[in-house]
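Each chain is listed here by its residues.
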Amino acid sequence: MKKYFTITKKVFRIITVFRFNFIFSIIGNLLYIIILYFLWGAIYSSGAKKLNGMTFNQVFVYLSLASTIFMLFSTYLEWGMSREVIEGSIVMHFVKPVDLQMYKLFESLGFVLINFVTVTLPSILMILVVFRPQMPLGINLIFFPLSLILAYFIMFNIDFFVGLLCFYNESTWGMSSAKDSIVMLLSGAVIPISFFPGTLKTIVNFLPFQAVYNIPLDTLVSYNLNINDYLRNIVLQLVWVVILFIVNRLFFRKAVKVVTVNGG
Amino acid sequence: MKRFRFYARLYILMISQYIKARMQFRSDFYISTFAMILLNITGIFSYWILFHSISSIDGWNFNQLVFLYSFALLATTPQQIFFDNLWVIRISLRNGNFIKYYFKPINTLFYYISEVFDIKGLGQLGLALVMLIYSSVKLGINWNLLNIIMLIVFILSSALIMISLMLLAASISFWVIESVSVIMLIHKLSEYSRYPITIFNGVFRFIFTGIIPIAFIAYYPSRYFLSQGTFDVKVFATPFVGIILFMIAYRVWTIGVNRYSGTGS
Amino acid sequence: MSIIQINNLCKNFKVLNRHQGFGGAIKDLFSRDYKIVKAVENISMSIEKGEMVGFVGPNGAGKSTTIKMMTGVLEPTSGDILVDNFVPYKQRMKYVRNIGVVFGQRTQLWWELPVIESFRLLKEIFEIDDKTYETNMGVFNELVGINALFNTPVRFLSLGQRMLCDIVAAFLHNPKIIFLDEPTIGLDVSVKNKIRGLIKELNSMNKTTILLTTHDISDLEVLCKRIIIVDKGSVIFDGDMQKVNSIFGAYRVLRLELSEQNNLEELSAKIMSNFKCDKPPEIEPCEDGWINITINLEEIKLIDMLNYLLTLFPLKDIKVEEIPTEKVIREIYEGGM
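Protein sequences appear in the order of chains A, B and C. Okay, so the first sequence: first residue is 1 according to this note's numbering, each after it adds one. Okay, so the second sequence: first residue is 1 according to this note's numbering, each after it adds one. Okay, so the third sequence: first residue is 1 according to this note's numbering, each after it adds one.
FYI, nobody ran anything at the bench for these hints, they're computed from the structure. Note that the coordinates shown come from a computational prediction; the quantities given were computed from them, not determined experimentally. Among the hints, a few may not be true.
Between beta-carbon pairs, the in silico distance windows are [as the list claims (entries may be wrong)]:
#1 Pro136/A with Ile41/B: 29 to 39 Å
#2 Ile41/B with Phe131/A: 25 to 35 Å
#3 Met93/C with Ile152/B: 26 to 36 Å
Quick reminder that beta carbons are idealized off the backbone N, C-alpha and C, glycines included.
Just chain A, same shape as in the assembly (with noise of 0.2 Å):
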C-alpha cells in the first residue's frame, strides 16, 4: 500500500509548480456558478417557487457543487495513459510488480487531492459566503462525503475505462470529450435528473452515470430523502463501483495485448 501512496505523493509534488493554473480554475468554476445564479435565476423568475419538486435554491446549490465536482474528479486520466500508449511507455507499467488499474487509482487520487485542497475547498467556500444557500442539515450531511467517495471511485473506473479505450485509437480529444459529454448530461451535472422527461429518466436510472452526480447531490440537497433512501443509494454506488471494476478487469486483459502485441 505504501508503495502507492508514493506515487500520490509524487503528483502532489510535481502540481504545485503549476499554481497559476489553479487560481484561474477558481475563476472559471467560480464564474460558471454565477453563471448558473443568474441563468436559474431567470428560470425561476416566471413565478412559480418549485419546478420538478425543487426550488431555486437546491437547484442552485446541486449544479453549482455538480461543477465543482466535475473539477474535483478531472484528473486527466485518459490523456495521461494515451500519451504512454503514444509514446510506448506504457509498457514500462508491465515490468513493475505494481497493477496497473491500482497504479491509475493512486495516481489520480494524486489528483483528487490537489485538486481538493486548491479547487474545490475554496469554491465551496465561496458558494456558502457568496450565496449563503440553504439546504437540510442533518444526517444527509455524513452520507453526502461517503457518497462523493463512491462517486469518485465509479468516476475513476469510467475513466479508466475511456481510457483502455485509447489503446486502440490516437483520437484521445474525441473519446475524452464525448465521454464528458455523455457523462455531463446524463449524470444531472448540467440539469438535475428531476427535470428529466419521464423515459429519459426511467433510461438514465439504469446508466452508472447519475450514481456519480446525482445520488451525492441528491443526498445532500433533497429534503424528500430519508436514511433507509440513503442507505438504498449507498448499495446502489457500491454495485456500480464492483461492476465496473470487473469490467475494466476483464477489458484491461483484452486491451493489454493490443500494446503488447504491437510492441511499443
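Following the hints, put chains B and C in place on chain A, whose structure we already have.
Just chains B and C, lined up with the frame of chain A:
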C-alpha cells in the same frame, strides 16, 4: 496585397499538406468529429430537457435560444478551425521548440497557427448551419439580401472577437507557461455567450459588454435578426469591437514573442 | 568588416527561487522571490566571412543564450550584436533570410509531412527561385542521397537521417551564416563522420560562415580552425585550435601498469619532493591496476620520471600518450591555463 497573396498561397499549401498527413489517422477524424457534434448536441439537448418544465427563459423561447446558440457556434468556428494550435502553445514553449518560429522570414503568429487545421471544426460548422436554418425557419426570419449581408458581417466580426480572446489567453503562456486554465476559462466564456445577456444583473452586463465582450459574440447580433426592428444599436459596434480587440491581442502576442527566451541548452 | 561583430554582450534573466520539500512546494505557490542570473557577461568576438568557428563551453556557460541573441530570438540586456549588418532581434524577418539555424535536438522540418514537402514549403517560405532550388537539391542528393528519403514522413526518420535533412534544409536558401547547435548529439560514430563531411563540404562550397556549438571535441578537431570557449558567461579562450593543442603539447600522459597496489597520494608527494615541483602531479587511477600520470615535459624529462619511478616499484607495462583535446578544453574551463 502582394504580401497577402504570398501568405494565402503559403497557407493553402501548408494546410493541404497537413490535411493529407492527418488523413492517415482517419479514425481520429471520425471520432473527434462525432465528439464535437455530441458536445454541442448535449448543449441543445439540455435546453430541450429544460423546456419540458418551462416555456421561456427571460422572454426567449426554445427556437430563439437555438438561434442564439447556433450563432455563437458559428462565431466560434473560425477560431476552432484555424487557431486550434493555440491550445497547445505551452507544450512548445516549455520544451523550447517554440524558438523555431523565429527562424523563418514569415510572421510568427501565421507560422504558428498554420501548423494545425482543425478538421473536426467542420463538423461544428455543419451542425451550426443546420441549427441556424432550423431555427430561422421556425421563427420565420426573412433572409433578404440585407439580412444575409449583415449575417456575414456579424459572423466575421464575432469570429474576430473570439479569435482575439483566445489569442490573448494563449499569449499569457509567454509569461506563465502553465496557463492552460486561462485558455479553458476563455473557452468556457465563449460558451456563456449562448445565453441572453439580459439574465444578468447590471454589473455582469457591463463586464460582458465592455470588458470581456462576449455579449457581442452572439447576443447583440442575434437580437438584430430576432427582434425585427427594435434591436439594440450596440449591435453595430460589433465589427469595431472585433478589430480593436484583435489589435490589442496581436500586440500582446508580439510582446510575448519578443520576450520569450526559450529553455534548455 | 567582420560578418559577425559582438561587443560587450550581456544578458540577465529573472529566475524564481524555488524552495525545498513539501512545505517549500506550497510556499512556491505564492512566492514572489526572484533573483537575477547573469547568463552572459561581457562577451565580445568577431568572426570573418567563410570561417568555421567552434563555440564551446560547459552546460550553463551561456552558449545557448549567446546563440539565441545572435539568431534574433533574444534581445540583449546590453552590448551590441551586428551580424551581416543586421541587428538580429530588431530586423528579424529580413535578417533570418540570411541565416540558417539547426538545433540538434529539435527539428525544424514539419513533423507529419514527408521530407520533400518540408523542402517545398521552405522553398515557398524563403521565396527561393526554381533554379537555385533545383541546384541545391541536386547538390544535397549528391552529398547525402536525400532523394531516397523524400517520401518518408519526418517523424519516421532515424535521428541521423533527420539530422542530415535538417542540416541541408538550413542551407537550402543559401544563407550567409549557419548556426549549428549540437549537430552530432546522440549519433553513432559513422553517422557523425557523415555529418562532419557534409558540414565541411557545405562550408567550402559557398564560403558559408559557420558557428558550431558542440560537446563533442572530435567535431572541433575535424571541422574548426578556430575555437571560442565560454564559461560562466564570458569568453575564456578565443584562438587557434592548434594553439590549444600546442599549449598542452608539452604535456604527456604516462600510463603505467603496476604489479601491486600503491598509495597514490604518497606517490604524488614523493614525486613532488624528488623533482621539486610547485604543484603535485596529476595522478589518476584507472581500471585493472593502471594509473595515469600527467607530466609537463618542460618541468620533468620523461626519462628522468621513468628512472625515478623504477626505483620505487616494478612496472609491468608502460604507455606514453598525448593529452586528448577534450581534456585540454576541460583544463581551460577549470582555469588550468
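task: Could you tell me which of the hints above the structure violates, numbers in ascending order?
output: none
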